[in-house]
Amino acid sequence: MLYREAGDFKTSYAQDNQTFPLKLDRFGYYCILGVAVFVIPFVINDYWVNAVFLPFLIYAIAAIGLNILVGYCGQLSLGTGGFMAVGAYACYKLMTAFPEISILVHVLLAGGITAAVGVVFGLPSLRIKGFYLAVATLAAQFFLVWLFNRVAWFYNYSASGQISAPERAVLGVNITGANVEPWAAYLFCLAFLVASAWIARNLTRGATGRRWMAIRDMDIAAEIIGVNPLRAKLSAFAVSSFFVGIAGALFFAVYLGAVEVGEAFGIQKSFLVLFMVIIGGLGSIFGSFAGAAFMVLLPVFLKNALVGGLGWPTDLATHLEIMIVGALIIIFLIVEPHGFAQLWRITKEKLRLWPFPH
Amino acid sequence: MPDQVLFAIEVTLNGLMAGVLYALVALGFVLIFKASGIFNYAQGVMALFAALTLVGIMDGQVPFAHLINVVFGTNVHHFGWTVPALLAIALTMVVMVGFAWAVNRLVLRHLVNQVPIILFMATIGLAYFLEGLGDMMWGADIKKLDVGLPQGINGWIDSTTFDAFGYGFFIDNLDIVATLIAAILVTGLVLFSQYTKQGRALRAVADDHQAALSVGISLSFIWVLVWSIAGFVALVAGIMWGAKSGVQFSLSLIALKALPVLMLGGFTSIPGAIVGGLIIGMGEKLFEFLVGAPYLGGATEIWFAYVLALVFLVFRPQGLFGEKIIERV
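Line by line, the protein sequences give chains R and H. Counting in the working numbering, the first sequence runs from 1 upward without gaps. Counting in the working numbering, the second sequence runs from 1 upward without gaps.
Quick caveat, the hints were computed from the structure, so don't treat them as lab data. Note that this is a predicted model, so its numbers are computed, not measured. Certain hints may be false.
Stated by the list, open to error - Taking lysine-lysine pairs in the DSSO-like style, the calculated list, with each CA pair at most 30 Å apart, reads:
1. H:34 <-> H:197
2. H:143 <-> R:129
3. H:324 <-> H:197
4. R:10 <-> R:303
5. H:244 <-> H:143
6. R:23 <-> R:348
7. R:23 <-> R:350
8. R:303 <-> H:244
9. R:129 <-> H:34
Said to hold, decoys possible - Rough simulated footprint, nothing fancy, chain H against chain R, three-plus residues with beta-carbon under 8 Å:
10. 121-132
11. 203-209
12. 220-226
13. 311-318
14. 332-338
Every residue gets a Cβ at the ideal spot worked out from N, C-alpha and C, and that includes glycine.
Take the sequences, apply the hints, and build the full model.
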């Protein structure tokens, strides 16, 4: 009754191929975007931005990146944390070396540098497949974190071994450093997220995305029909690492401000982003958003419920939280292995006929 | 002999001993992977959980004491008795078998026929759950595990090598015991899978699920069995590592070290797990000694195993002893 495609006529191929072919979907999308840009910045405070919105926006970018690699191209990667670290350290070095250039450029360049590193670590994927590749990407994770920990040049020889973001502004408004308005940081990350999602969506439905999906479904068959596996796999690694690098740069510069590499970009981060992608739905941009939202909100919710609501000590709440997260992942995989994206698809199918399914 | 060579030999020997422990964890992976095609990420956490349970039972801790105290406002922590090591090990084994049964009943049964990555993710979820459960049950503090294994420098080797080379090798008694136990364990597993009915059934399942089903082998029983054996291997590994460096969370990280071991040896090969473990253990210690510490600023052990496995796989994608990967369209 509410969700109808009847009467929604298309008169050209361009109309038929748009991202949201249904009027209602399109309307919903613009509504959400409008609320995100014009309403939320005026109502949020420091707590909401730091506990919910910034992590969600940044992880969503990382999840889109990883989803391109795992969900669209089928190359399982456990090196996300390491690549995020590359983005963060590249951004830091650029920010301190070229203070007069806008941080926008720095973040984009950090993404580019991460893409190059990603291609290097993606090279073995031409020989190694499946779980062997997943373990091989662990090499990237551990090696990169070790590198940033040991080579003092990366953290500008600071005594603590930490990197901390200097104050930088965009259009006269502080984005990084100590005096940041919550709405400014929020809008900055939101802009990157919207751009990332837009690029990712359009890449994945075009020729590039089809090559990736052909490789994912069966690489030998794809090769036979003329997909160049070298180019397809490495381009997936490059694009994926680009987004992950941007996420890492934002995570360091805007969200945390100061970073110790082993703590912020350890193996746990790789698993966290992988969880987002799997729970959200492999091979779906919407799924990356849903997964990121779920994995960010769940700990916040549990913490508020257990520590705030029941008055438990924090260490006990942390243990229970780990248990619940683990159990929920298993339950999710049992109930719906294709994640939130599939649930959403099913819901839409049901809604089309509701309330008269026969 | 020059000192450098002697040091290098000592490092190699110690690396081999550490490799035995990696191999023990890797063994658990291989068993489950062969029998059910599941890449069980939770193996390392199983070792941690087994060691925690063992310490808890031996010390007579009340399970979930912290939780009970918070919810009911009581103050319980210990039963006030201690359990002898052997009995505690037996009890822990009962817990691990129960865990194996629960995993199969509650998780794996519902995930039959899913693609491998989903099963892999499920075991990561399992690892999280088990880690939280272990901490909830027994507390998260670092515990000492002492089941009466000999520890400290082996005097005989020290004095013999001192007489021969003028330099005494430092080799821990615990490492020697670990090597012996690992050898016994592997021999036992091989004998079990060669000469017993259940062992043969296990191998049949590993070869071909459907063919095994058609001759009347119960898949669900075999899976419980193999998870129990993996639990036993985890317990042994947990005891060794726990005695060496205390029972703490970092124990579960050795599972990650077992992954490059598996890659070197091949996911499906028991001898591969052993040889891979020895190569990795020896390689990382030697690399740290010869290259890492002098030139790269140390702590190369964190990544060396992975990079070695990565480079190795580029030349031989199925590992040392893995089955040749044949792909068809």
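Holds or violated: residue 10 (chain R) with residue 303 (chain R), Cα cutoff 30 Å?
-> violated (48 Å)
Verify the proposed pairing of residue 34 (chain H) with residue 197 (chain H), using a straight-line Cα cut of 30 Å.
-> Holds, at roughly 17 Å.
Hinted pair residue 23 (chain R) and residue 350 (chain R), Cα distance within 30 Å | Roughly 18 Å between the alpha carbons, so the hint for residue 23 (chain R) and residue 350 (chain R) holds.
For the pair supplied as a hint, residue 244 (chain H) and residue 143 (chain H), is the alpha-carbon distance within the 30 Å limit?
-> The given pair, whose Cα atoms are some 11 Å apart, holds under the 30 Å limit.
Given the hint that residue 23 (chain R) pairs with residue 348 (chain R), test it: the Cα-Cα distance must not exceed 30 Å.
-> holds (14 Å)
Within a Cα-Cα threshold of 30 Å, do residue 129 (chain R) and residue 34 (chain H) meet the stated pairing?
-> holds (18 Å)
Claimed coverage, the region 203-209 of chain R by chain H - three or more beta carbons nearer than 8 Å | n = 0 at 8 Å, threshold three: violated.
Per the coverage rule (Cβ-Cβ under 8 Å, at least three residues), is the region 220-226 of chain R covered by chain H?
-> With 3 residues in contact (Cβ-Cβ under 8 Å with chain H), the coverage given for the region 220-226 of chain R holds.
Proximity test - 8 Å, beta-carbon atoms, the region 121-132 of chain R to chain H, at least three hits | holds (count 7)
For the pair supplied as a hint, residue 303 (chain R) and residue 244 (chain H), confirm whether the alpha-carbon distance does not exceed 30 Å.
-> violated (35 Å)
Under a C-beta cut-off of less than 8 Å, do 3 or more residues of the region 311-318 of chain R approach chain H closely enough to confirm the stated coverage?
-> n = 4 at 8 Å, threshold three: holds.
Take the region 332-338 of chain R, compare each residue's beta carbon with every beta carbon of chain H, and decide whether three or more fall closer than 8 Å.
-> holds (count 3)
This entry does not satisfy hints 2, 4, 8 and 11, going by the numbered hints stated previously.
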